[in-house]
Amino acid sequence: MNSKQYEILALTLRYWFVFLLAYIFIQATYRTLRGVMSGKSNRRSTGNIPFILVLFSLSAFGLLAFRDPSGFDKDTALLGVLVSAVILFQFYFLHYVFRGMDEILLLMVYTLAILGFVVLQRLTPMLALRQLEWFAAGNVVLFLAIIMIPRISKPGRLLAPLMVLGPAILFLVAFFGEKSGGAASKLPIGDFSIQPSEFVKVIFIIVLAYSLKETQTFRQRIPPLLFAMFSILGVALQKDLGGALHYFLVFLFMYYMATSDWMLTAAAGGAGIGASVIGYRLFSHVRVRVEAWKNPWADVGSKGYQVAQSLMAMGSGGWFGMGLNLGEPYAIPASRTDFIFAAICEEFGILVGGMVIGLYILILIRSMQEALRAYRAPDMLLASGTAISLAIQAFIIIGGVIKMIPLTGITLPFVSYGGSSMIVSLSMIGIVEGVSVRNFRTAREEEQMDETDDEKPDEDEDT
Amino acid sequence: MKHIKRNVRGSLFALLGLFMILTGYYFYNLFVYSDRWFSDPNNTRIKVDMENPSILPGNIQDRNQNVLVETKSTIKKDGKTTYYRSYRDDCRYAAHVIGSKRYGIGAEVLYIRYLLGYNNNLLERIYQKAFLDQEVGNNVILTIDMQLQKYITEVMGSQKGSVVLMDPRSGEILAMVSLPSFNPAQENEEPGEESLLNKASYGRYPPGSIMKVVTAAAALESGEDIRKDTLECKGSTDVGGIRINCYGQEAHGTVDLPRAMEVSCNAYFANLSLDMGWKQLRETGEKFGFNKNFLFSDIKTAKSQLPLTRNTSRKELAWSGVGQGKVLVSPLHVALIASSVANGGEMPNPKLIHGIQTRNGTIRYSTSHGTLSKPISPETAGKLKDMMIQAVENGTGRNARTSGMLIAGKTGTAETQEDQNPHSWFMGFAPADEPTLAIAVVLENAGTGGAKAATMAGKILRKAVRLGY
Numbered sequence: 024m025n026s027k028q029y030e031i032l033a034l035t036l037r038y039w040f041v042f043l044l045a046y047i048f049i050q051a052t053y054r055t056l057r058g059v060m061s062g063k064s065n066r067r068s069t070g071n072i073p074f075i076l077v078l079f080s081l082s083a084f085g086l087l088a089f090r091d092p093s094g095f096d097k098d099t100a101l102l103g104v105l106v107s108a109v110i111l112f113q114f115y116f117l118h119y120v121f122r123g124m125d126e127i128l129l130l131m132v133y134t135l136a137i138l139g140f141v142v143l144q145r146l147t148p149m150l151a152l153r154q155l156e157w158f159a160a161g162n163v164v165l166f167l168a169i170i171m172i173p174r175i176s177k178p179g180r181l182l183a184p185l186m187v188l189g190p191a192i193l194f195l196v197a198f199f200g201e202k203s204g205g206a207a208s209k210l211p212i213g214d215f216s217i218q219p220s221e222f223v224k225v226i227f228i229i230v231l232a233y234s235l236k237e238t239q240t241f242r243q244r245i246p247p248l249l250f251a252m253f254s255i256l257g258v259a260l261q262k263d264l265g266g267a268l269h270y271f272l273v274f275l276f277m278y279y280m281a282t283s284d285w286m287l288t289a290a291a292g293g294a295g296i297g298a299s300v301i302g303y304r305l306f307s308h309v310r311v312r313v314e315a316w317k318n319p320w321a322d323v324g325s326k327g328y329q330v331a332q333s334l335m336a337m338g339s340g341g342w343f344g345m346g347l348n349l350g351e352p353y354a355i356p357a358s359r360t361d362f363i364f365a366a367i368c369e370e371f372g373i374l375v376g377g378m379v380i381g382l383y384i385l386i387l388i389r390s391m392q393e394a395l396r397a398y399r400a401p402d403m404l405l406a407s408g409t410a411i412s413l414a415i416q417a418f419i420i421i422g423g424v425i426k427m428i429p430l431t432g433i434t435l436p437f438v439s440y441g442g443s444s445m446i447v448s449l450s451m452i453g454i455v456e457g458v459s460v461r462n463f464r465t466a467r468e469e470e471q472m473d474e475t476d477d478e479k480p481d482e483d484e485d486t
Numbered sequence: 262m263k264h265i266k267r268n269v270r271g272s273l274f275a276l277l278g279l280f281m282i283l284t285g286y287y288f289y290n291l292f293v294y295s296d297r298w299f300s301d302p303n304n305t306r307i308k309v310d311m312e313n314p315s316i317l318p319g320n321i322q323d324r325n326q327n328v329l330v331e332t333k334s335t336i337k338k339d340g341k342t343t344y345y346r347s348y349r350d351d352c353r354y355a356a357h358v359i360g361s362k363r364y365g366i367g368a369e370v371l372y373i374r375y376l377l378g379y380n381n382n383l384l385e386r387i388y389q390k391a392f393l394d395q396e397v398g399n400n401v402i403l404t405i406d407m408q409l410q411k412y413i414t415e416v417m418g419s420q421k422g423s424v425v426l427m428d429p430r431s432g433e434i435l436a437m438v439s440l441p442s443f444n445p446a447q448e449n450e451e452p453g454e455e456s457l458l459n460k461a462s463y464g465r466y467p468p469g470s471i472m473k474v475v476t477a478a479a480a481l482e483s484g485e486d487i488r489k490d491t492l493e494c495k496g497s498t499d500v501g502g503i504r505i506n507c508y509g510q511e512a513h514g515t516v517d518l519p520r521a522m523e524v525s526c527n528a529y530f531a532n533l534s535l536d537m538g539w540k541q542l543r544e545t546g547e548k549f550g551f552n553k554n555f556l557f558s559d560i561k562t563a564k565s566q567l568p569l570t571r572n573t574s575r576k577e578l579a580w581s582g583v584g585q586g587k588v589l590v591s592p593l594h595v596a597l598i599a600s601s602v603a604n605g606g607e608m609p610n611p612k613l614i615h616g617i618q619t620r621n622g623t624i625r626y627s628t629s630h631g632t633l634s635k636p637i638s639p640e641t642a643g644k645l646k647d648m649m650i651q652a653v654e655n656g657t658g659r660n661a662r663t664s665g666m667l668i669a670g671k672t673g674t675a676e677t678q679e680d681q682n683p684h685s686w687f688m689g690f691a692p693a694d695e696p697t698l699a700i701a702v703v704l705e706n707a708g709t710g711g712a713k714a715a716t717m718a719g720k721i722l723r724k725a726v727r728l729g730y
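Protein chains in written order, with my numbering: chain A, 24 to 486; chain B, 262 to 730.
None of these hints come from the bench; they were simulated from the model.
Among the hints, erroneous ones may be present.
[Unchecked claim] Restricting the straight-line Cα-Cα distance to at most 30 Å, the calculated cross-link-like pairs of lysine-lysine (DSS-like) are:
1) B:K341 <-> A:K27
2) B:K646 <-> A:K177
3) B:K548 <-> A:K317
4) A:K326 <-> B:K564
5) B:K390 <-> A:K27
6) A:K27 <-> B:K333
7) B:K362 <-> A:K27
8) A:K27 <-> B:K308
9) B:K553 <-> B:K644
10) A:K27 <-> B:K337
11) A:K317 <-> B:K540
12) B:K338 <-> A:K27
13) B:K553 <-> A:K326
14) B:K308 <-> A:K326
15) B:K587 <-> A:K317
16) A:K97 <-> B:K390
17) B:K561 <-> A:K317
18) B:K362 <-> A:K326
19) A:K326 <-> B:K561
20) B:K362 <-> A:K317
21) A:K236 <-> B:K540
22) A:K317 <-> B:K553
23) B:K266 <-> A:K63
24) B:K263 <-> A:K236
25) B:K564 <-> A:K317
26) A:K177 <-> B:K266
27) B:K646 <-> B:K564
28) B:K308 <-> A:K317
Given the structure is predicted, the values throughout are model-derived calculations rather than measurements.
Sequences are here, hints too, so could you generate the full structure?
Listed below in structure tokens is the structure:
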């Protein structure tokens with residue numbers, strides 16, 4: 024296929040991609056809203072979303088396989104089949120093993136992941152394969168989390184070591200980490216490097232969820248508060264501004280939700296604002312970020328370069344995008360990680376970009392719904408904490424890429440390239456799903472108890 | 262448990278609110294700014310590789326369809342065809358409007374979406390890819406008239422400054438000249454920074470007395486009856502404890518509003534702005550577009566400023582009313598203010614694209630006239646128009662007078678630095694009863710508005726009428 028033929032195909036298929044994603048998005052939105060309105064859980068009502076998802080992945084990878092004028096690229100096409108197979112296997116495996124898992128939530132996550140695979144493959148051939156490996160590993164963690172979470176009733180003695188371990192790792196990285204892009208947040212292990220602040224995020228949420236209680240005295244709250252403070256400090260010392268902001272906001276939300284303590288939440292919020300003002304005064308790289316946010320066009324050559332490139336990419340896309348492989352996302356810095364949202368907007372268009380934001384909103388709503396159904400306070404905090412963490416992470420990076428807030432480099436969950444981010448994001452979804460499974464089981468037990476009380480025969484309790 | 266549940270729900274709503282803002286910001290910004298981001302000269306996606314272009318950029322023409330810029334081809338020694346952008350020599354009369362790829366300014370960059378055919382529908386794009394050997398973009402037809410551009414450039418000679426001539430009804434810009442200029446056709450010329458700046462839209466000048474039209478509009482719009490307000494002008498008058506000098510210390514005697522406009526009495530307008538206060542002046546000024554980011558579809562322009570706040574000193578306020586102090590405007594904005602008075606209070610949306618000519622020659626004329634805003638009521642516009650007619654007939658703008666056509670206008674003499682001549686301003690429209698032309702002239706350090714700018718505006722308006730506008 025020559026390049027003109029490819030261009031025609033890509034130009035036409037733009038509409039097909041938008042259609043498929045819009046179909047998934049609208050289906051999921053409709054089902055979520057119906058669930059919210061009726062108040063009943065519709066965890067298993069997924070319609071034909073898995074099928075459409077596979078259709079999207081096959082057609083996108085199929086198109087990419089034609090992009091080389093020299094001939095059909097079998098590797099890309101096979102990768103498309105592999106992605107589809109992995110997604111279908113993961114989904115139906117979990118579907119049959121766990122009753123009571125929120126399946127639309129899982130499918131939203133998979134939609135984002137597939138979009139990520141397509142963009143990564145388009146940017147660097149076979150990069151999607153690496154990402155798929157991380158995705159599979161993440162799914163194993165997700166599976167383990169769904170098994171573990173319903174079994175934890177009292178973390179007891181585990182809590183204290185975790186409280187020390189989290190900040191300790193962060194400080195270790197801050198002092199011995201590998202420097203990249205101004206931040207020292209990576210730790211080299213063998214051939215690749217991991218980003219421990221991602222993994223500690225899970226510890227952070229678990230510890231806060233189990234250690235904060237409403238009926239505590241202030242003295243009892245001191246250990247979790249100290250833990251949170253040192254964790255945030257550890258990330259800040261790594262000069263990872265986005266990460267520190269993320270940790271801080273998650274802490275604020277979780278602390279307030281657990282304790283209803285307005286006073287301290289407001290004080291901490293004030294301290295956070297104070298710290299950012301001091302940071303602005305003290306550190307030149309913070310000032311540069313803020314200047315680039317205020318007017319990236321003032322210095323397109325250096326300071327405003329990243330944001331300006333991102334805006335130009337998004338402006339070039341139009342409603343339906345430039346067409347897969349017809350844009351120039353290479354011009355965007357870090358287009359595989361932090362700026363992947365701009366790369367999506369460029370080639371898939373403004374509408375798909377809006378749907379990506381919409382998918383994060385749906386993930387947030389569904390996870391929070393699950394949190395609200397929980398029977399125990401720690402479960403509630405676990406599910407809502409992870410949901411908030413994912414939502415804030417998406418908000419910080421998308422807001423930075425579209426110049427709504429100053430840019431701080433963190434990954435877009437499920438989409439950006441990176442093993443640590445992918446595994447941790449999926450394990451967080453595993454936590455939410457674990458809570459969901461536990462809710463389902465508890466509800467079923469209560470139902471059975473009621474029924475035995477009333478001496479009625481068992482009925483099928485399928486939702 | 263109950264509290265946690267409530268808090269979880271509260272947090273969910275807080276985050277949903279944040280995400281709503283994010284979504285709104287995302288769609289709003291991409292809707293409003295995406296064309297500008299796309300046509301940014303730093304965007305590598307619009308750079309055309311002239312050796313082997315994927316799409317040939319279209320022509321740029323003036324409103325009479327004279328070709329100004331086109332893509333030409335040459336055959337190199339090795340038999341390969343290469344292309345280049347050919348600028349007609351006439352381009353130097355409209356250098357800033359046409360612009361240049363090299364300097365990243367003007368239509369060459371701003372209208373790249375049309376020149377490269379990105380605005381074409383899917384069928385046309387597929388047809389071109391499937392059946393044409395070389396894809397071509399569209400031709401852009403500008404609203405400017407090269408005869409006028411040339412005339413104005415020649416009349417201005419070596420004078421620095423800018424002229425904007427537009428049709429107040431449709432907002433079509435008939436001429437937009439900024440001097441000093443450069444010649445896009447000259448590849449080896451190295452124009453200075455000043456020559457590359459389009460002063461018509463990016464120049465920010467103190468408006469001087471033409472601001473009095475805005476001050477008068479604010480006073481008339483305030484609803485208070487100011488017809489009988491008079492002031493004894495002594496050339497150097499004490500207005501509420503502030504000493505206001507009229508130009509050349511000329512004493513105007515007892516003046517009311519129309520008379521003050523006619524003779525351009527600073528004391529009267531300083532008094533007027535002190536009477537109505539900063540709020541009213543800023544409100545009307547902002548309705549006229551001061552302190553606002555103009556987001557015109559065809560032109561990028563600087564923000565005009567009227568920095569009045571609660572903390573503005575009385576002296577600053579008094580001088581703002583006569584267009585000195587910290588007030589700054591662009592000539593294009595002044596032409597828009599003149600247009601709104603000419604139009605009965607409706608400010609048109611300025612246009613530089615007359616139409617887009619597609620590959621097979623059909624022209625789609627731009628249909629998006631429409632009004633930008635309605636800064637003043639038709640009654641106020643009528644009163645201002647009468648005063649501006651008098652200012653030309655009997656007042657400071659006498660030099661703009663023409664036999665057979667009634668011109669309305671206001672001169673301005675904007676003081677800059679102590680030791681330099683003031684900028685010479687004229688804003689106006691013609692014919693006054695049925696305006697088809699609105700003009701803004703600024704001549705840097707050329708002296709009084711009545712002497713220089715008014716004379717030049719009269720000449721330009723006569724020429725435009727002779728050409729049939």
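Cross-check of the supplied hints:
1. B:K341 <-> A:K27: holds (20 Å)
2. B:K646 <-> A:K177: violated (83 Å)
3. B:K548 <-> A:K317: holds (25 Å)
4. A:K326 <-> B:K564: holds (23 Å)
5. B:K390 <-> A:K27: holds (6 Å)
6. A:K27 <-> B:K333: holds (23 Å)
7. B:K362 <-> A:K27: holds (27 Å)
8. A:K27 <-> B:K308: holds (19 Å)
9. B:K553 <-> B:K644: Between K553 (chain B) and K644 (chain B) the Cα gap is close to 26 Å, so the pair holds against 30 Å.
10. A:K27 <-> B:K337: The hint holds at about 25 Å.
11. A:K317 <-> B:K540: holds (28 Å)
12. B:K338 <-> A:K27: Given that 30 Å is the threshold and the Cα spacing comes to 28 Å, the pair holds.
13. B:K553 <-> A:K326: Distance of about 26 Å is within 30 Å: holds.
14. B:K308 <-> A:K326: Distance of about 22 Å is within 30 Å: holds.
15. B:K587 <-> A:K317: holds (23 Å)
16. A:K97 <-> B:K390: Given pair K97 (chain A), K390 (chain B) holds - Cα atoms ~26 Å apart, limit 30 Å.
17. B:K561 <-> A:K317: Distance of about 19 Å is within 30 Å: holds.
18. B:K362 <-> A:K326: Holds: K362 (chain B) and K326 (chain A) sit about 24 Å apart, inside 30 Å.
19. A:K326 <-> B:K561: holds (23 Å)
20. B:K362 <-> A:K317: This hinted pair holds, its Cα atoms lying about 27 Å apart.
21. A:K236 <-> B:K540: violated (53 Å)
22. A:K317 <-> B:K553: Roughly 17 Å separates the two Cα atoms, so the pair holds.
23. B:K266 <-> A:K63: holds (17 Å)
24. B:K263 <-> A:K236: Holds. K263 (chain B) to K236 (chain A) sits at ~12 Å (cutoff 30 Å).
25. B:K564 <-> A:K317: Satisfied, since the Cα-Cα distance of roughly 16 Å is no more than 30 Å.
26. A:K177 <-> B:K266: Given pair K177 (chain A), K266 (chain B) holds - Cα atoms ~21 Å apart, limit 30 Å.
27. B:K646 <-> B:K564: Distance of about 26 Å is within 30 Å: holds.
28. B:K308 <-> A:K317: holds (27 Å)
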